[in-house]
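Asks: Go by the hints and put chain B onto chain A.
Next come the chains, spelled out residue by residue.
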Amino acid sequence: MMKARNLGIPQEISKHFSFIKMLVIYLLICGAGVSLLLASFDGLIRNNNKKLTGDVCRLVTEKMNNSIGRISGSAENMAALLSAQDHYDLQELYEILSQDSVGSEYVSIGFIDADDHIYASSSELGEFEKWGLLDIARLADPVSISAPYRSGKTGQPVFTMFVDYTYGGGKQGYLFLTYPLKEIQKMAYTESLTGDAEIWLMEADSDNIIQCAGPNRYALGMWDNALIAIRKPIDAKYQKAYEDWKNRMNAGEESAGVTYKIHGETYTQVYSKINFMHGWYVVVRIPDSALSSAIQQFRTSVSIFLGILLIATAVMFVVFHRREAKEKKVLENLSIRDPLTSALNRRAFDFTVDQYLGYLGKTLKNEAALLFMDVDYFKRVNDRFGHEAGDRILTGFSAALKEVFGDEGYISRYGGDEFVVLVRNGDQEQVSRKLELLQKKAAQIRPCDKEEECGDFVLTFSCGAALYPKDADNLNSLKERADDALYIVKENGRNGFGWYRKEKATL
Amino acid sequence: MKRITAFLASVLLCFSLSGCSGNGKEEQNPASTPGFEPLNQVEEGRKNIYLIVKNLDSSYWKVIIDGARDGGEFFDCNVYCSGTYVETDWQEQKRLLDDALAAGADAVLLAPDDSVMLSEKIDEIYQKGIPIVLLDTIANTDSYDVCYMTDNLMAGQRAAQEMLSQLKQSGVADSDSIQIGLQLGAASSQTISERLAGFFKYWSKNAPESWEIISDIKCNDGYLDKAVECAEELLEYPNLRGVFGTNNSSTRGFARVVREQERTDIVVVGFDYSDDIATLINDEAYRASTILQKQYYMSYSGVETALKLISGEEMPVKFVDMGVIVVNKDTIQQAEVQETLIHN
Numbered sequence: 001m002m003k004a005r006n007l008g009i010p011q012e013i014s015k016h017f018s019f020i021k022m023l024v025i026y027l028l029i030c031g032a033g034v035s036l037l038l039a040s041f042d043g044l045i046r047n048n049n050k051k052l053t054g055d056v057c058r059l060v061t062e063k064m065n066n067s068i069g070r071i072s073g074s075a076e077n078m079a080a081l082l083s084a085q086d087h088y089d090l091q092e093l094y095e096i097l098s099q100d101s102v103g104s105e106y107v108s109i110g111f112i113d114a115d116d117h118i119y120a121s122s123s124e125l126g127e128f129e130k131w132g133l134l135d136i137a138r139l140a141d142p143v144s145i146s147a148p149y150r151s152g153k154t155g156q157p158v159f160t161m162f163v164d165y166t167y168g169g170g171k172q173g174y175l176f177l178t179y180p181l182k183e184i185q186k187m188a189y190t191e192s193l194t195g196d197a198e199i200w201l202m203e204a205d206s207d208n209i210i211q212c213a214g215p216n217r218y219a220l221g222m223w224d225n226a227l228i229a230i231r232k233p234i235d236a237k238y239q240k241a242y243e244d245w246k247n248r249m250n251a252g253e254e255s256a257g258v259t260y261k262i263h264g265e266t267y268t269q270v271y272s273k274i275n276f277m278h279g280w281y282v283v284v285r286i287p288d289s290a291l292s293s294a295i296q297q298f299r300t301s302v303s304i305f306l307g308i309l310l311i312a313t314a315v316m317f318v319v320f321h322r323r324e325a326k327e328k329k330v331l332e333n334l335s336i337r338d339p340l341t342s343a344l345n346r347r348a349f350d351f352t353v354d355q356y357l358g359y360l361g362k363t364l365k366n367e368a369a370l371l372f373m374d375v376d377y378f379k380r381v382n383d384r385f386g387h388e389a390g391d392r393i394l395t396g397f398s399a400a401l402k403e404v405f406g407d408e409g410y411i412s413r414y415g416g417d418e419f420v421v422l423v424r425n426g427d428q429e430q431v432s433r434k435l436e437l438l439q440k441k442a443a444q445i446r447p448c449d450k451e452e453e454c455g456d457f458v459l460t461f462s463c464g465a466a467l468y469p470k471d472a473d474n475l476n477s478l479k480e481r482a483d484d485a486l487y488i489v490k491e492n493g494r495n496g497f498g499w500y501r502k503e504k505a506t507l
Numbered sequence: 001m002k003r004i005t006a007f008l009a010s011v012l013l014c015f016s017l018s019g020c021s022g023n024g025k026e027e028q029n030p031a032s033t034p035g036f037e038p039l040n041q042v043e044e045g046r047k048n049i050y051l052i053v054k055n056l057d058s059s060y061w062k063v064i065i066d067g068a069r070d071g072g073e074f075f076d077c078n079v080y081c082s083g084t085y086v087e088t089d090w091q092e093q094k095r096l097l098d099d100a101l102a103a104g105a106d107a108v109l110l111a112p113d114d115s116v117m118l119s120e121k122i123d124e125i126y127q128k129g130i131p132i133v134l135l136d137t138i139a140n141t142d143s144y145d146v147c148y149m150t151d152n153l154m155a156g157q158r159a160a161q162e163m164l165s166q167l168k169q170s171g172v173a174d175s176d177s178i179q180i181g182l183q184l185g186a187a188s189s190q191t192i193s194e195r196l197a198g199f200f201k202y203w204s205k206n207a208p209e210s211w212e213i214i215s216d217i218k219c220n221d222g223y224l225d226k227a228v229e230c231a232e233e234l235l236e237y238p239n240l241r242g243v244f245g246t247n248n249s250s251t252r253g254f255a256r257v258v259r260e261q262e263r264t265d266i267v268v269v270g271f272d273y274s275d276d277i278a279t280l281i282n283d284e285a286y287r288a289s290t291i292l293q294k295q296y297y298m299s300y301s302g303v304e305t306a307l308k309l310i311s312g313e314e315m316p317v318k319f320v321d322m323g324v325i326v327v328n329k330d331t332i333q334q335a336e337v338q339e340t341l342i343h344n
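Protein chains in written order, with the numbering used here: chain A, 1 to 507; chain B, 1 to 344.
Chain B on its own, in the form it takes in the complex:
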């Protein structure tokens, strides 16, 4: 029964993630930034919270919007949402922040498109005494109330820990000379850099000396086709026993090639949930794991915190690492994993 439930859940999730499963990068919608729309039934007398996200078209950000909607319902407030279609369009976010203030926002939830360029505007809002909660990305200023995000350095360490664990479970001995291949999305992305640094940090302290990371780290620039090519090149290394994808495209590239070539000797560890990695995780012949962020809870907790701040409560911390969960064939049935998958 459990297996049938897991299967149905994974099919449903794969279907829900079809928005980002096309070949290559998610397409950028050229449409202009829309105005704020209420996420729940607007009621007089409730506090008004304005959410601004990075990409209205992305499945990742849709989960964040869902979290804010549910938070608004649960904590009894009105939540309005808007955002940009391009994750670098900070000027539009600046305009949306002005619009939110003009509309009488009691608090703002912002996922900044640019951590440097938006700092001044964030300072301005904070100085006006309007609570501002950052989601997913921190800004280059102290003038915000709290930031809910994933500590990607920790997430990278968790990935390395999972890789070591899976390799050992697959029977690789400490004395074996093996190689690990790494693939990145965009080399210049801070998120990716921190995941990579976290992976190296944990690996350098915990991996046996004869387990070597291949210095030729591949970069696919976010394109799935290129990710597949990079994966094929890495799989040619004779002693390769593990591959790590730092983002969705890298993970999908690895999962696809490992399955095509039926390389059941390779451990795949990646990030994000896609049909490719889900298929591999659900196939007993392979050893695959993926790391998931808890973005749903970023906005859900963000709404709760915003209301507390409006009521004058002070937050003891400014930075909250939402943590990650590891999905593999051993954990996929766990309640926490299932709940996170539902919100993915």
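Okay, chain A solo, but in the shape it has when bound:
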């Protein structure tokens, strides 16, 4: 109500203001809701990732162990078959089988007899010495697997599997089969995680690692050391967790996992013991983002959708509000304005002024003046110049009222040639000066287009005025007082204004 009094139509302002307020509140609530939704979504992703990466790491290690088990199983079958055949001439057997190895998944095959004589090619004999393969063979129970090394025969990284078997009437020997490391890499290959999952074989004692899968194609099959390749880049805060994880491996635990961060990215890393490969473990590391990328895409889509929905709703609200406001204004104008002069009609004036005076009454603010006006001899104007000229006089007079009283007054065409104005914050002296100004402006209003047609016509008006709350404390009484004053002005010959006096209105 406080702001409304400055603009004349209080309800309109209130509604506009409350709409903006409502829109802001709506946007705030929706924004908070969306933020809350996304935050809980993120929390869900984080928790899920931790669990999933751990599970996936374990699955990959199991997959590798199963695959190694399959290879060792076929090697054991071959050893069992050879044992059953009970060969006596191992050199002959070696020559036959090494010829047959072409096209097999292994690179080469050979034997070690009970006297540690090795049946192999000359380059392989060098590798036995270089890599201490005889010591690995002695660990076979019933199988043992060497660490990967570069084969002279193929130039590629390989590993050799040893299986114990019997020959020559119960002598104990070893069959060995050399496979390309690619076989293990194939086992480690996980299509859905290509480029994300890193898989190493790791030797617990030395911390040495050999990469079987990972985004760096140059590192595949190559040796490295975990202290540099894995541990060094880990954020200082997680070094202890890594150390604990490594200690569990050193202590011979079957499997363990650790979560750490490198430059803000979270990784989960799990190791698992490799069957038959003594002292070696398969280590799988996956960044959390690898599993959440699909969910992250969904999250982004949902965020965009919610954002668009929110903006679209807000735009729709504004458009509807503007259209409604426009329609309301048209309807309002039709219901509260005089169609000829655009001044308030009688009903709107009475309602607005009544509210205003009520507000003044509560706040005991400035006084107000009510002016009751009649255009002098308006009927004669109609008779002499026609109705159009009459309308022009009324329109012109209404415009002059707006010009003089502006935003300070509620202006109303009360009927015919009667106008009523309530001047806000006006004292008698100020209002009298404005009425004198109005008289001058009225005199300039012409009923005709051409000056010669108007002749000696000069527009005058009569006005009776009363003050609130001095003369009356409500609209009806105020109108009566002003009307009394107008009556006296008319009695005195019109063309003037007078203020209500208790005894009698005076000029």
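In short, the hints are calculated from the structure, not lab data.
Below are the EDC-like pairs computed for lysine to aspartate or glutamate, each with C-alpha atoms no more than 16 angstroms apart in a straight line:
id	chain 1	residue 1	chain 2	residue 2
1	B	Lys205	A	Asp135
2	A	Lys153	B	Glu314
3	A	Lys240	B	Asp216
4	A	Lys232	B	Asp216
5	B	Lys205	A	Asp205
6	A	Lys153	B	Asp142
7	A	Lys232	B	Asp221
8	A	Lys153	B	Asp145
9	A	Lys379	A	Asp417
10	A	Lys182	B	Asp142
11	B	Lys168	B	Glu212
From a predicted model like this one, the values you see are computed outputs, not experimental measurements.
Replies: Using the frame of chain A, we list chain B on its own:
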């Protein structure tokens, strides 16, 4: 007399290695890749072998070029050579391979700048039936005839073996609690990684339990200044008795600081031959060793093998580890060491 000969040889070698003894990394020459130049007198009717190296400015690769030149002379063939100035410029090597084929190469000796990116081109040449011998670095393909290189995993193991041997000779008991400091060149280099892995492999199986490797492994990124700083930091460890440098810059950094601080109690084991490590090896007060590759023989044998392949011989192996030699005050007089030093 032997001492005077050894001294003169080491002075000559230090002089010949001055190309890589500046502070920091060897400078990269921005010059564009040159065309092939004959390394020996070109004679009609001889086979034409094309050699492509990684860095024409490097002393290491100059030894390889020398080996190819001598191989060409000895085995009677024409040898042409070109290469890049930056060891990652595989695109230029790809262009040089095309040039070699266009010039009618009977065989190619290649030290690939990129083991992955050049694989396709190597496949292509191999499929055309042109013998291709790789030197120093293996490619990520099976389509080549033979590769002569150093097995760096073995070289790292040899370094660990030398460290243990020297520590024991210096009187360190198995029960003593001592520490060993390690320093790398570029952490991402495959050569360095394999040397490091080899060192750990041998150490974990053979070193006494109380001989500990300091987990703070230093990395100098190939800069000598940084190598000196890293060495100074490691030498502050109270129980430090040995240091291992996995490449030339690390070894020089250690050698320089050990000598400056007169730490005769520290065993230095490194790679490559430089004036810094040579000075330490030749000073009786210190215990220093360095591991040398036999790159001269990579190209020398490469030329011999290429000619055999051209004549239709098949190679029994695809990978030949050229091995390394250990240079210390006990071995420096040995003929094999002296011969390798001449070709370094």
